[in-house]
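These protein sequences, in sequence, are chains A and B. Residues in the first sequence are numbered from 96 upward in steps of one, following the numbering used here. Residues in the second sequence are numbered from 11 upward in steps of one, following the numbering used here.
Be aware that a few hints might be false.
Far from chain A, some chain B residues (derived; all Cβ distances over 12 angstroms) [said to hold, decoys possible]:
1. Ala12
2. Leu14
3. Asp31
4. Trp67
5. Arg74
Below, a sample of chain A positions facing chain B; criterion: calculated Cβ distance under 8 angstroms [to be verified]:
6. Asp116
7. Val120
8. Ile140
9. Gln146
10. Val151
11. Val162
12. Trp177
FYI, nobody ran anything at the bench for these hints, they're computed from the structure. No experiment lies behind these values; they were computed from the predicted model shown. Ideal placement from N, C-alpha and C gives every residue a C-beta, glycine not left out.
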Amino acid sequence: MGSVCNRTEERLWEHIRTGSDLPDVVRSHLMSCPRCSTAFREAQILVPFLQEVGQVTSAPDCRAAVVSQILQMDHRRGFLRWVYAAVACVVAGIVLAVSVNESVNELKQKRNVPSAASTSSTLHVGKPSVAETKTKQLPAAPYIAFRSDSSASAVREPSHPLRKTSVRPRKTILRVRLPAKTQPQLSVDKAPPDISPVDAAQSEVEVQPMAAVYATWETEEAHEEPSIYVYVEQDTLTGDTTTCYGRMSADRIEIYVESKPDLPEERKTRGCLTIGSSSDA
Amino acid sequence: MANLEADLVSRARSGDLSAFDELVSLHQDRVFALARRILGNDEDAADVQQETFIRAWRSLPKFRQESEFATWLHRITVNLCLTRKRSKREISADETLFVLGRMHSAQPTALDSLERAELLSEIRRALLALPVHYRVLIVLREMENRSFEEIAKLLGCSEGGARTRACRARQMLRQLMRPYLQTGEELPAADLFEQESQT
C-alpha cells in the first residue's frame, strides 16, 4: 500500500466514523484502486462494530479506594520520616558519646593544662560508655570531627567567645583527653544559644543544623573562665562540612556537633567525640 | 468548568485531598473507559483506574498545568496500560501471526449468516491480538475519535508517527478480521457510495 492509499484509508475510516465529506480526489482514487475499494468495504462493516465494542456502560466508583490508598501512603511516609529522624539522632548521639572523652582529653594535654585526673584516684577509669542498646547501633565512624595537628594554630583557644579557628581537610584527628568524673549526659537537643552556630554570613561554609547532639559532663578540674571552641571541618574533595562547638566552663565540658544536612548517605559527615579517661591518655 | 477544574487542580497540588477527590469524581469514568478499551477487561481496567489517580496524586507537584489535566491524566492511563500489558507479556509478533492463521483457517462465514454477537466477539479478539501499541491507536482514534494532535500528546510521539502507527493498526485489524468481513459479491467501486447512501 502506497502513501496515497494510506491517506485514502484514513479519510475513509474518518468518513465512516464521523460522516465527514470525502474529497473528490479520494473518491476518484477509490474508483481506480481495487485495494482501497476493498478496504472501504471492510471498513464499512468494521468501523460501526468498533464503535460498539468501544462502548463502556458502567465504570466503578474508585474514589473511596483512591483516597484510602493516598491516606495510607501519606501515613507510611510520615512514619518513615519520623523513623529516619529518630535513627539519625540516636546514631549521632552514640557516635558523639563514644568519641568525646578521648578527643577532649587530648585537647587538654595539648594545651599543657596539668591533668589532675592522671594522678587522681577519683578518676573515672576506663571509657565511659553510653547505653548498651545505643552502642550496638553505632556504625563505624568514618572519621572524627574534632581534629587538629600538632601545630598550635590548628586548634587554639579563641580570645573572644566564638570564633572559627580552623577550616581544614579531614583525616587529621585531634585526640584530647580530659578526665571525666561522671558519665556524660547526652541529650538530643538544640545547642544552647551561647554556642549557637557560626554566623552564616561570616562563615566560609554553609552551616545548617541537622542532628544536634549535645553532650555534657563534669570534669575533675575546674576552669576559671569559660572558653568556647568552634571547629569547622571541611572535606577538601567534596566541600562538605562538619561543625563542632565545645564549651569548657567551670568543671563542665559541653560538646555540640552538627553536620550539613541533605547530603547523600555516603557523603554524610559524622561527628565522632570519644569519651575517654586519663588511663587512655 | 475549566476554571473550576483549574481551581481544583491548584488546591489538590497544595495537598487538598477533598479537591483531588472531586477531580477523581470528574474523571474516573473516562479513565476507566479508556483503560477498558485498551486492556479489554474490567478487572485490569479498574486496577489501572485506581493506579492512575494514585500516580496523579503523587505527581501533581510536577504537573505545571501547561496541558489540560484530562490530557495529562489520560497520558498516565495509557502509559499504565502499556506497562501492564508489557509486564503481562505482550502478545508477540509470532503469536499474532498464529492468531491470524487460526482465524484465517476458520471457515469464512458470510456476514449475513454470522450472528452479530459473534462478530463483536471476533472483533474483541482481534483487538486483543493486536500488539498493544497498535491497539492503543485504534482505541484513541477509532473508538474515542481523538485528533492526531491529541494522540501524539498522549503517546509522546509526533503526529506523523501517530498517523503511521494508526495506519498499520487499521491494516492489521482488517487483516485479522478479513475472514469475517467477506461481503460476498465484489461490488464495483462506484457502487460503494451508492450502497453507503442506501444504508
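Interface hint compliance - valine 162/A to chain B, C-beta minimum distance less than 8 angstroms = 6 angstroms, holds
task = Verify that the Cβ of alanine 12/B lies farther than 12 angstroms from every Cβ atom of chain A, and report whether the claim holds or is violated.
result = Alanine 12/B clear of chain A: closest Cβ-Cβ about 22 angstroms, beyond 12 angstroms.
query = Taking C-beta pairs only, is arginine 74/B more than 12 angstroms away from all of chain A?
reply = Per Cβ check, arginine 74/B is outside 12 angstroms of chain A; nearest 21 angstroms; holds.
ask   = Is the interface hint for valine 151/A satisfied, with its Cβ closer than 8 angstroms to some Cβ of chain B?
value = 4 angstroms, holds
inquiry  = So tryptophan 67/B supposedly isn't at the interface. Is its beta-carbon more than 12 angstroms from every beta-carbon in chain A?
reply    = For tryptophan 67/B, whose nearest Cβ neighbour in chain A is about 5 angstroms away, the distance does not exceed 12 angstroms, so it is violated.
key: Given hint isoleucine 140/A near chain B, where the shortest CB pair must fall under 8 angstroms   = 5 angstroms, holds
query = Closest CB-CB distance from aspartate 31/B to chain A, is it above 12 angstroms?
reply = Its Cβ does come within 12 angstroms of chain A, the nearest being 6 angstroms, so this is violated.
key: Hint validity - glutamine 146/A Cβ closer than 8 angstroms to any chain B Cβ   = Holds, because the Cβ-Cβ distance from glutamine 146/A to chain B comes to roughly 7 angstroms (cut-off 8 angstroms).
query = Should the hint that aspartate 116/A touches chain B count as held when the rule is a Cβ pair under 8 angstroms?
reply = 12 angstroms, violated
inquiry  = valine 120/A was flagged as interface toward chain B. Is the shortest Cβ-Cβ separation under 8 angstroms?
reply    = Since the shortest Cβ distance to chain B is 14 angstroms, the answer is violated.
key: leucine 14/B and chain A, when compared Cβ to Cβ, separated by more than 12 angstroms   = Since the minimum Cβ distance to chain A is about 17 angstroms, leucine 14/B lies beyond 12 angstroms and the statement holds.
message = Under 8 angstroms is the threshold here; is the Cβ of tryptophan 177/A close enough to any Cβ of chain B for the hint to stand?
response = The hint is violated - tryptophan 177/A has no Cβ within 8 angstroms of chain B, the shortest such distance being about 19 angstroms.
Figure legend: structure checked against the earlier numbered hints; hints not met, in rising order: 3, 4, 6, 7, 12.
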